[in-house]
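Asker: What follows is the residue order along each chain.
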Amino acid sequence: MSGPLLELRGATKRFGGITALNEVSLTVPRGGIVGVIGPNGAGKTTLFNLITGAYDLTSGEILFEGRSVAGLRPHRIARLGLARTFQNIRLFPSMTVREHLLVGQRGGGLRLADLLPSGGAARVGRAELAMRRFGLEAHRDRLAATLPYGLQRKVEMARAWTAAPKLLLLDEPVAGMNHDEAQDLAVLLRALRGEGLSILLIEHDMPFVMGLCDHLHVLDFGVPIAEGAPEAVRANPVVLDAYLGAPA
Amino acid sequence: MSAYTAGLLAEIGIGGIAALGVYVILATGQLSLGNAAFMAIGAYAAGWLTVTHDVGLTAAVLAGALLSGIVGVLVGFPALRLRGIYLAMATLGFGEMTRSFFLFFEPLGGAAGFSGMRQLQVSTIWIWLGIVLGVLVLLARSRLWLTLRAVNDDEVAANLIGLHATALKVGAFGMGAAISGISGALFAHWHLFIEPGNFGFERSTELVMAVILGGSTVAAGPVLGAGLLVLLPETLRFVADWRLAAFGALLILVLLVRRQGLLDRNLLRALTFRRRGAEARPEAAEVS
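Listed in order, the protein sequences are those of chains A and B.
For the first sequence, position 98 (counting from the first letter as 1) is numbered 98 according to the numbering used here, and the numbering increases by one without interruption.
For the second sequence, position 114 (counting from the first letter as 1) is numbered 1114 according to the numbering used here, and the numbering increases by one without interruption.
One chain only, chain B, in its complex shape (with noise of 0.2 angstroms):
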């Protein structure tokens, strides 16, 4: 494989897992534009692990997946009084106060960054991106994600079916937050050299898009987002100066013509022939 093919890949996986924090959090109708944060701290942390206590990489990883956790439902709990662009303002906030706490926490580096990971195998990023995905997979078919998605349709009426909408939308966010914290882990020991500048406000908006493009109602619509938005760029080279316009009027085009995003239940299952009829055969599904 050659540098150039490994590394669109290690991009791909990295952000997949990165637009995966974003899903789970939207799952509740929250949106997050400060999942870069997540990303810094899971990547800071995990540096900083295997590189001053030469911690394993797999242990670092969890890690930083965990405090990034934890910082998330600390910042889920107040953003939580705010709804729709109000929260995403908040997270923009937190993202970018997370970015200049970096930027002069001299300890881990400051504007200077931080280095000495040593780096893992792009096969490693894969592993991750497909547990993670496959923990969601399943995830989708459990109740629990019934009550999220509840939560996002209504959520007064979920109160009032006995839901504790509050706690499943802190939950949530602590979830997506932890997942990102995972994929920025892996960043930290792909890129073996990390600085505020890579998680910022940009990154931002590059995991909600990636979600949005990809689809918002099935796990593995980010990740084909993901894939779409390193790859996009690279295949339009042929017009030159233009690719990045070219890439943007396609990501208009698709929100014209799909807003659901490119993948929906309806799509995978047709893609993937399970439950093919399940309208006209009750019987079929998980429900024998």
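Here chain A stands alone, though its shape is the one from the complex (with noise of 0.2 angstroms):
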């Protein structure tokens, strides 16, 4: 297949007199890294629920594999092959590390498995492998909601990575975590890629973004200001003015 993977066509939110995400354009190839960055209230949030089907759009057009998904209801969506993570983490309380990685597969309907214990072999390996690739094996049958919050993020990223996804959508992946946690990541998220994920992800942590993505957005008061590869954008002026203030 060619062309882009998620392909964002003058996107634009408006809540009541609230322009919210005005005209933003965007794609992310295949195996692409994509980050958007911006100030608090920029709109990066409101692209994410836009594209997961949380909120319908105003106007624009948002494609995925070259399909509409515009009026189509979150679950669906996801099951076309886009699972995201949460900037305020949204694990659900009554489950263990493993039951994540059990839940968050994905199904598309009921199927004959689902009804034998922890869904089957094949879903068991995969939530195993997972808690290799994602360094969750210690704490397996803890409850995922009492973990430390970088190891939070983390089960939240291998739930979404259980799910076969390809796109992942990343809010704020490292907020949370120190230095060399999010180098770790980083490393992850790139050998991800290299088996063919493609990422877009928001995030403040600017060495994380310049180090990893290959294409910046940059949002301001949901407005797209400026785009290009991360030293572009480093060195762009208006960038400068509007966001990093001082040289990155």
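Among the clues, some could well be false.
Claimed, not checked - Partial pick of chain A residues on the chain B-facing surface, computed with a CB cut under 7 angstroms:
1) His75
2) Arg79
3) Pro93
4) Ser94
5) Asp114
As the list claims (entries may be wrong) - If you anchor each label on the Cβ, the simulated ranges turn out as follows:
6) Asp1264/B - Pro148/A: 21 to 27 angstroms
7) Gly1248/B - Ala113/A: 43 to 49 angstroms
8) Leu143/A - Tyr1086/B: 27 to 33 angstroms
9) Gly17/A - Arg1259/B: 40 to 46 angstroms
10) Asp56/A - Arg1259/B: 34 to 40 angstroms
11) Thr1205/B - Leu143/A: 27 to 33 angstroms
No lab work stands behind these hints, which were simulated from the structure alone.
Treat the numbers as computed from the prediction; the structure is a model and nothing was measured.
Beta carbons are placed, not taken as given, at the ideal position from N, Cα and C, and that holds for glycine.
Put the complex together from the two separate chains, hints included.
Answerer: Right, dumping it as structure tokens:
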């Protein structure tokens, strides 16, 4: 297949008289890592909510693999191969780490295997693999919501990964992580990209974004003000003025 | 076995099954205050089949459960637009609606009640209880059950990992209704006489109480709760006229001290020695 995995054309969202997102166009190529940066309130999370179907577009288009996802319900969009994490982590309070990795796997309706313990051998295997990759083996039977913040983020990412998505949306993945943890995560995300996963991420941590992304978009008050390769964006005076304030 | 003991055992079995119906619905975070209505549907349907069509008991129970489950799904759909106390009120309304339907539906006896069933054995009730409990215990280890818990925990996140939360909630509603329907069918063939008053609001609240008291996170909880609901008022007879008040006080005490109900996963694990030390030894359990 050719063409970008995800394409936004003039995506606009208004809440009453307030324009949260104005004419945003971006593409995520297959195997690409694209970052969206901008100050608080720039509309980054609104962007994710539009892509995942939590909000309806006011105008514009969102295409996933060339197909419009406008008006599709969130679970339908998720089943197309799109998984996300949340800025304020949303784990299932009653579940252990292992249970998160079992429930998160793509079902696409009820299957017979869903009636087996843990959803069958294939699912158990994938959950085990996720625990190894994201370094969660030691915490498997802990309630995920009782883990330290950085680990909770990893559980959320692992849960998203178990769904075997084509596109992973990460909302501030390294918030609450220290420098070493963030570096480890960057290594892991690059490895996942090497396996064909595409990633769209929102982040405040500039060194992390600059080191990881192929392409950056900058939003300010819902308006796209710049885009390009990380080095070009960093040097862009408009961006410096609006966001970075000083050289990053 | 004395008739008194048999009567208590039958009540526990019937109440236990019906409470499991509430438990399944509650697993998705929906509180049903109308499950007595599903009992009524199961009771009247199964009774009508055995009395006027000479259908065997097992087939009649299954038919009653099926009909009840279908009605449950139909009720579940509009009720799903509602949440929390609003859903509870809607199910309460449905319960009263069903009760008055049978009150005025003359072909099934109306206010005069319906009779002519042949009595079943207490053991039959307990076999059904065993089957329903067994299925739910097995189901609790399945991924399907995890998806129900996910909807209960965080519906938005459940949708975003690709779960069809609405379908799961309606499905759970239908399944809970069917289970309560089984209980109603057995009730009809134990008491031999049924009337709409058997399936009123009080019965519905009793079922919810059994689940809350016994524990709403494991299938054994509602059965324990149903047992206590039958036995405690009996054993509290020494306080004579105050026994219902004493029972109420006990219920409040349990809720204050142990909000998750008497039984929960940890306690059950400790009692059965299953997966002991699973936290320390990850290779335990069903992973291998």
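Asker: Each hint should be assessed against the structure and marked as holding or not.
Answerer: Hints, verified against the model:
1. Because the beta carbon of His75/A sits about 5 angstroms from the nearest beta carbon in chain B, less than 7 angstroms, this interface hint is met.
2. Checking Arg79/A against chain B: minimum C-beta separation of about 5 angstroms stays under 7 angstroms; hint holds.
3. Given the 7 angstroms rule on beta carbons, the hint for Pro93/A holds: about 5 angstroms separates it from the nearest Cβ of chain B.
4. The criterion of a C-beta within 7 angstroms of any C-beta in chain B is met by Ser94/A, whose closest approach is roughly 5 angstroms, and the hint holds.
5. Annotation: interface hint on Asp114/A holds; nearest CB of chain B at approximately 4 angstroms, less than 7 angstroms.
6. Distance hint for Asp1264/B and Pro148/A: a CB-CB separation of about 25 angstroms, consistent with the stated range 21 to 27 angstroms.
7. A hinted range of 43 to 49 angstroms holds for the C-beta pair Gly1248/B and Ala113/A, which are about 46 angstroms apart.
8. For Leu143/A paired with Tyr1086/B, a C-beta distance near 30 angstroms keeps the hint of 27 to 33 angstroms intact.
9. Roughly 45 angstroms separates the CB atoms of Gly17/A and Arg1259/B, a value that falls within the hinted 40 to 46 angstroms.
10. At about 39 angstroms, the beta-carbon gap between Asp56/A and Arg1259/B stays in the expected band of 34 to 40 angstroms.
11. Between Thr1205/B and Leu143/A the Cβ separation comes to about 31 angstroms, which falls inside the hinted range of 27 to 33 angstroms.
Checked against the numbered hints listed earlier, the structure breaks none of them; every hint is satisfied.
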